Amino acid sequence: MKYLPLVLAALWRKPMQMIFTALSIVVAFILFGILSGIDAGFAHQVDISRLDRMYVTSRFADDLPYAYADKIASLPGVLVVSPQTGLAGYYQQRNNRLGVTATDARYFTARPELAVTPQQIAALAGDRAGILVGVKSAKTYGWKIGDKIAINTSTPQQNGSLVWTFDMLGSVENTDLPGEADVLIGNYKYIDEARATDKGTVGFFLVRVKDPEQAAAVGKAIDALFANSSAPTRTTLEKAGTTAGLQSLGDVETLTRGIGGAVLFMLLFLTGNTMMQSVRERIPEFGMLKTLGFSDTGVLTLVLSESLLLCALAAGMGLAIVKLGFPLIKSAAPQVSALLLLPWSALAIGFGCALLVALVSGLIPAWRVKRLNVVDALAGR
Amino acid sequence: MDMIRQIGAVTQSSLSTIPSRLGASLVVVVGMACAVGALVSVLSISTGFMQAETSNARPDRAIVLSQGALFEGGSTITRDEATTINSAPGIRRAADGKPIISAEIFTNFLTTKKNGGLDAYVQVRGIGPEGLALRPEIHLISGRMFRPGKYEVIVGKSGPPLFDGLSEGSTVALPQGDWKVVGTFESKGDMLESAILTDEATLASAMRTSSYKSVMVMLSSPEAYAAFKKYLTTNPSLSVEPMRETDYVELQARQLNLILRFVAFLVGGIMGLGAMFGALNTMYSAVSTRAVEIATLRAIGFGGLVVVSSVIVEALLLTSVGAAIGAGLAWVAFNGNLHAMGGATIRLAVTPGLVAGGIVFAAMLGLVGGLFPAIRAARLPVATALRAI
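Protein chains in written order, with our numbering: chain A, 110 to 490; chain B, -7 to 381.
The set of hints was computed from the structure by calculation and includes no laboratory data.
Check the hints yourself; a few may be wrong.
List of simulated lysine-lysine pairs, PhoX-like, C-alpha gap at most 25 Å [what the hints assert, rightly or not]:
| no. | chain 1 | residue 1 | chain 2 | residue 2 |
| --- | --- | --- | --- | --- |
| 1 | B | 221 | B | 106 |
| 2 | B | 105 | A | 348 |
| 3 | B | 106 | A | 329 |
| 4 | B | 222 | A | 348 |
| 5 | B | 149 | A | 329 |
| 6 | A | 298 | A | 257 |
| 7 | A | 319 | A | 329 |
| 8 | B | 172 | B | 90 |
| 9 | A | 329 | A | 180 |
| 10 | B | 105 | B | 149 |
| 11 | A | 432 | A | 248 |
| 12 | A | 348 | A | 308 |
Model, not experiment: these values are computed from the prediction.
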């Protein structure tokens, strides 16, 4: 610690050069932080996928008969079966795409992560055209309890109309992804009665089992049950489905790791060069230090401390900027904000990488100083 | 003229000193190579995606969906409606007088990715008898065409390398049992190239469905669209919406394309900024090591502009070389690679335009990175600098 002024003085010897090097490191770690945020967001999606839940869809991307619900529910190990049909459409403008999930109270047993009150469930059951709205959707479109919400769809009602009007009954939060709930939950009974086509069918069933250990076996049993029917099913564990779904954007993990690697490589060159140059220009100074009695290891430590301090300060600043600015990034891209997350662990990994860069880039110049011959150094040779 | 000769001479002399400050110069080259490499790599996904979506889209082709449907999956067109659309004006006719129109349905074939073994759904599209006349871009490259009435399919050429069970001779599990793969087609690299094609009527009877998802038509000319649209939207027995194919694919691709581009420019921009600071650093130190030389030049009558230009040219050169290396690496590593997005595949594309864009981007950063050190070089007080000798 008592050598701190010495290290600081060395760093501040050429302020301009230090500032530019530090700025490079700052922006590099801003990017590194954002990439870690994307990585962590994707990992969180897989994490919150429940092991006791699965999706039963049609093998052939078709609808399934509503009657399957009871048959699946009677299989051993099944806790609840929630039939769901999507009513896809848009609100006011084509770009405001959304979908109403037509289901019933069983939905909330299957998705315990939704914070919903018994009163809300009762209200939904009591109002045929009611919907409960995710907090994010409610905020985006400014919906309040009691509002009539008209949604343009491609599903005709009995009277031929494509516009469905719902009563906003309340908003629900997703405790796994605070602020990101964008579901619209409506009554299957009402929607199925009101629509002109596809009556008595559902898009898929969300099944929750009693014991996660049994999930795979129950999934097999469900598919076996309907294997020889006219509408065979395909049951996907939620975790596997999430992984496959995230991959449909492309291999994001490889991409973020690749770019992160390129960033670190670039930094290695940059700080390495700065340290190298700075040490080269101070050879006589190090000769002097050694003459004054600094040991070989002592000067090595001094040089390494310089690069460590530089990287730690700059990287810390970059990561802090990301942490503070992250809500801004999320609001800039609301469609993907659920995929962005920045836990402290991701920041810690970033900081660790910064220290690694500092050590590697400081090592060669430090070694050079350690091996320095005092006589040659003082002569400036 | 004289000025240009002077700039040339000074630049040449400054470039000749690069070997003695190789490390610092390499920082600029490596930094820009990384930044442009990352930018071009991410943009190659977006470019490949847009090529796959839009390269074959034609203004004289239109897609008809049911009213309010935003995409094919959410659309239903009845048999009666399809018959009515058949008699709409503006549809091109084949040599035998039949309108070139194809009412289509699709389902999905559940398979696994060869890499990683995750589930993937590949689209199986049933096309009408005129479906191939409608898509002249489709060519069979091996095997033979499927026969209507038989459980036979042909597969797009980018499917088999990425997904299991799509090679010729194998069978794909679809409604009513197994369908045989009898041929492979190419479709000039569009999204269809990762799909499976078969006869609509055969698939519809196997799926026990009586309605279509969409109707595609070839128009007699791009201008015929207006009359076609008017007929469809004013006919009371129809509840459908036509869209020109070029507009339709744009609508489908826009959102994902925006996200990809946002990511590319975010990543490339930030890395570029970092590399620019590196360039500033390098050029400042270049100017300070050459201070005596620059002062000498000024003393013997070279103008400030000449000195400024020579520093900027050096910065531009270093950044451009780095950018070319980065773009070149991205091209070698990614151009033409198959990339699976769910059940669809795209071919990453590093186009000459993309490479040129990357180099221009780097040159702009190089300009900034060179400008300030150049100004300092020009302002160097001659007498003080020369006293250092």
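Outcome of the hint check:
no.: 1; hint: 221(B) / 106(B); result: violated, 43 Å
no.: 2; hint: 105(B) / 348(A); result: holds, 17 Å
no.: 3; hint: 106(B) / 329(A); result: holds, 23 Å
no.: 4; hint: 222(B) / 348(A); result: violated, 48 Å
no.: 5; hint: 149(B) / 329(A); result: violated, 33 Å
no.: 6; hint: 298(A) / 257(A); result: holds, 19 Å
no.: 7; hint: 319(A) / 329(A); result: holds, 15 Å
no.: 8; hint: 172(B) / 90(B); result: violated, 29 Å
no.: 9; hint: 329(A) / 180(A); result: holds, 14 Å
no.: 10; hint: 105(B) / 149(B); result: holds, 15 Å
no.: 11; hint: 432(A) / 248(A); result: holds, 24 Å
no.: 12; hint: 348(A) / 308(A); result: violated, 30 Å
Of the hints listed earlier, those the structure fails to meet are numbers 1, 4, 5, 8 and 12, in rising order.
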